[in-house]
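Given these sequences and hints, build the entire structure.
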Amino acid sequence: MNPPETSRKRDAQRTRSRIYQAARQEFGRHGYSGARIERIVRQSGCNIRLIYYHFGSKAALYRTIVEDTYADLRKQEAAIDLEQGQPWECLERLLDFTMRYFADHPDVEGIIRSENDAGGRVVASSESIAQAGQLLMARLATVIERGQQASLFREGIVPADLYLTITALCRFHLANSYTMSAILNRDLQDAQWREGWREHVHELIRRYVLQPEKLSTSV
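Quick note, in the numbering used here, the sequence shown goes up one by one and the last residue is 219.
It is worth saying that the hints were derived from the structure and are not from the lab. From a predicted model like this one, the values you see are computed outputs, not experimental measurements. Treat the hints with care, as some may be off.
With beta-carbon atoms standing in for the labels, derived distance ranges [stated by the list, open to error]:
#1 N176 to G156: 27 to 37 Å
#2 R100 to Q211: 27 to 37 Å
#3 W197 to S151: 27 to 37 Å
#4 R29 to D72: 15 to 25 Å
#5 L164 to A79: 17 to 27 Å
In this text, a Cβ means the ideal position worked out from N, Cα and C, and glycines have one as well.
What follows is the structure, encoded as structure tokens:
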């Protein structure tokens with residue numbers, strides 16, 4: 001590849017990245033229906049034709065962003081060590097990751113909210129998202145099974161229910177921080193409050209999964 005071709009390729013990659021980031025903000029703020037290509041054009045500083053050149057359509061651009069959002073989350077979840085150590089320690093790692101991830105990636109909440117507003121059509125039709133979710137549930141089921149075999153975890157724990165509980169406890173205060181701060185008269189964005197909430201969530205999940213006689217012991 002000669003220098004002019006290399007330069008053009010880099011320019012195209014930068015253009016695509018600018019469009020992608022501008023669209024991510026637009027969809028996160030306004031949802032799919034409310035998003036406007038004209039605002040993406042202004043924010044990215046790109047010609048409208050380049051948006052369709054790189055992504056094909058508004059729907060295809062939105063789908064790319066949603067699939068990438070879930071792919072990044074699942075990729076980082078897959079890197080969590082859920083095999084080494086005691087089963088409860090594995091759940092602690094998943095808990096801490098989930099709480100930290102959503103706190104560090106506020107744009108993800110916007111994309112997920114937008115996809116829910118759109119009826120979840122991308123998530124429901126995406127094979128890659130489904131496969132990654134199934135893999136996570138299988139890994140979580142293995143952790144639960146190990147805990148039950150060691151007589152640490154109670155019977156009847158459903159992996160999907162456990163994951164839904166974890167994500168709800170790790171995300172609700174972030175998605176509703178302003179309104180709940182006003183209602184509860186406490187700052188849900190305060191670092192000290194969030195550390196206390198993290199410890200509270202750990203205790204709730206401990207009580208959810210552990211055998212009653214194990215609650216007073218270190219596991």
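Status of each hint after checking the structure:
Checked against the hint of 27 to 37 Å, the C-beta distance between N176 and G156 comes to roughly 30 Å, which is consistent with it. Judged by the Cβ atoms, the range 27 to 37 Å given for R100 and Q211 holds: they are separated by roughly 28 Å. The hinted window of 27 to 37 Å between W197 and S151 holds, with their beta carbons roughly 30 Å apart. Between R29 and D72 the beta carbons are some 19 Å apart, a value that agrees with the proposed interval 15 to 25 Å.
Against the hinted window of 17 to 27 Å, the Cβ-Cβ separation of L164 and A79 comes to about 21 Å, which satisfies the hint.
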